[in-house]
Amino acid sequence: MTRASIAEQRRRGHWAWRGLAVLLFWLALFYYVSPIFGAARLADALRSGDPARIADSIDFRSLRRSVARQVLTEADSAATGVQRNFAIQVGTRPVATWLDSMLTVDTISQLLAGKLPPVLEVAGKTLTPLPPLEVDGMADMARLWWRSGFLSFSEYRAVIGADGVQTGLRFRPASFSATRGFVWRLAGIELPRPLLEAAVQHWRQVEAAS
Numbered sequence: 001m002t003r004a005s006i007a008e009q010r011r012r013g014h015w016a017w018r019g020l021a022v023l024l025f026w027l028a029l030f031y032y033v034s035p036i037f038g039a040a041r042l043a044d045a046l047r048s049g050d051p052a053r054i055a056d057s058i059d060f061r062s063l064r065r066s067v068a069r070q071v072l073t074e075a076d077s078a079a080t081g082v083q084r085n086f087a088i089q090v091g092t093r094p095v096a097t098w099l100d101s102m103l104t105v106d107t108i109s110q111l112l113a114g115k116l117p118p119v120l121e122v123a124g125k126t127l128t129p130l131p132p133l134e135v136d137g138m139a140d141m142a143r144l145w146w147r148s149g150f151l152s153f154s155e156y157r158a159v160i161g162a163d164g165v166q167t168g169l170r171f172r173p174a175s176f177s178a179t180r181g182f183v184w185r186l187a188g189i190e191l192p193r194p195l196l197e198a199a200v201q202h203w204r205q206v207e208a209a210s
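Each residue of the sequence shown is one higher than the one before, counting from 1 in this note's numbering.
It is worth saying that the hints were derived from the structure and are not from the lab.
On a predicted model such as this, the values are computed, not experimentally measured, just so you know.
Positions of the beta carbon are idealized from the N, C-alpha and C atoms, including for glycine.
Careful, some of the hints might be misleading.
Quick list of simulated restraints, FRET-style, between CB atoms [unchecked claim]: (1) Y32 with E134: 16 to 26 Å; (2) E155 with T73: 11 to 21 Å; (3) E74 with Q166: 13 to 23 Å; (4) A123 with F153: 42 to 52 Å.
Based on the sequences and whatever the hints tell you, model everything.
In structure tokens form, the structure reads like this:
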């Protein structure tokens with residue numbers, strides 16, 4: 001092999017590594033901003049009112065665990081984390097029955113539209129609903145990105161609402177495709193204390209009736 005061919009191979013190898021580095025950079029950058037597209041996708045599905053599109057933007061299994069953990073923590077603060085996790089996973093409490101009525105496409109749609117679903121209504125109390133998820137255009141996406149951020153490599157917290165009336169929505173990556181890129185789905189809703197207390201009250205009713 002001549003020196004010229006060796007030099008040519010080295011140049012090709014150099015450009016191959018350089019191209020790979022550029023590809024990885026853009027892939028990492030796209031991953032970094034992709035959760036916002038997941039939030040925008042969910043907001044667009046909510047505007048359309050299409051139950052199938054809304055359901056496709058939600059990780060119901062993770063969402064159930066998130067809400068169940070909040071409710072059990074609020075309802076039984078004396079229980080240890082291991083006990084609460086066991087209750088969530090195994091179903092030693094009737095929380096699953098309540099979650100079936102709480103975490104439907106219709107209820108989640110109402111929550112994220114800034115409405116109070118009947119399953120959280122409490123007689124004699126006026127509860128403030130969640131701030132609506134509104135992402136319409138690049139300006140809204142930029143504002144959402146500015147005040148949100150990653151909690152870990154695989155969990156993103158999107159902050160919705162105005163100052164003083166805010167809450168967080170948790171998103172997790174669900175899949176990757178050449179046409180859709182990284183697909184993030186709703187995996188958790190942080191319930192403000194008044195709504196969490198209402199949820200506990202409803203759950204207690206289910207528990208007492210079982």
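The hints, checked one at a time:
1. Distance hint for Y32 and E134: a CB-CB separation of about 22 Å, consistent with the stated range 16 to 26 Å.
2. Distance hint check: the CB atoms of E155 and T73 are about 18 Å apart, consistent with the given range 11 to 21 Å.
3. At about 19 Å, the CB distance of E74 to Q166 agrees with the hint of 13 to 23 Å.
4. For A123 and F153, the Cβ-Cβ distance of about 44 Å falls inside the hinted range of 42 to 52 Å, so the restraint holds.
The structure fails none of the hints (numbered hints given earlier).
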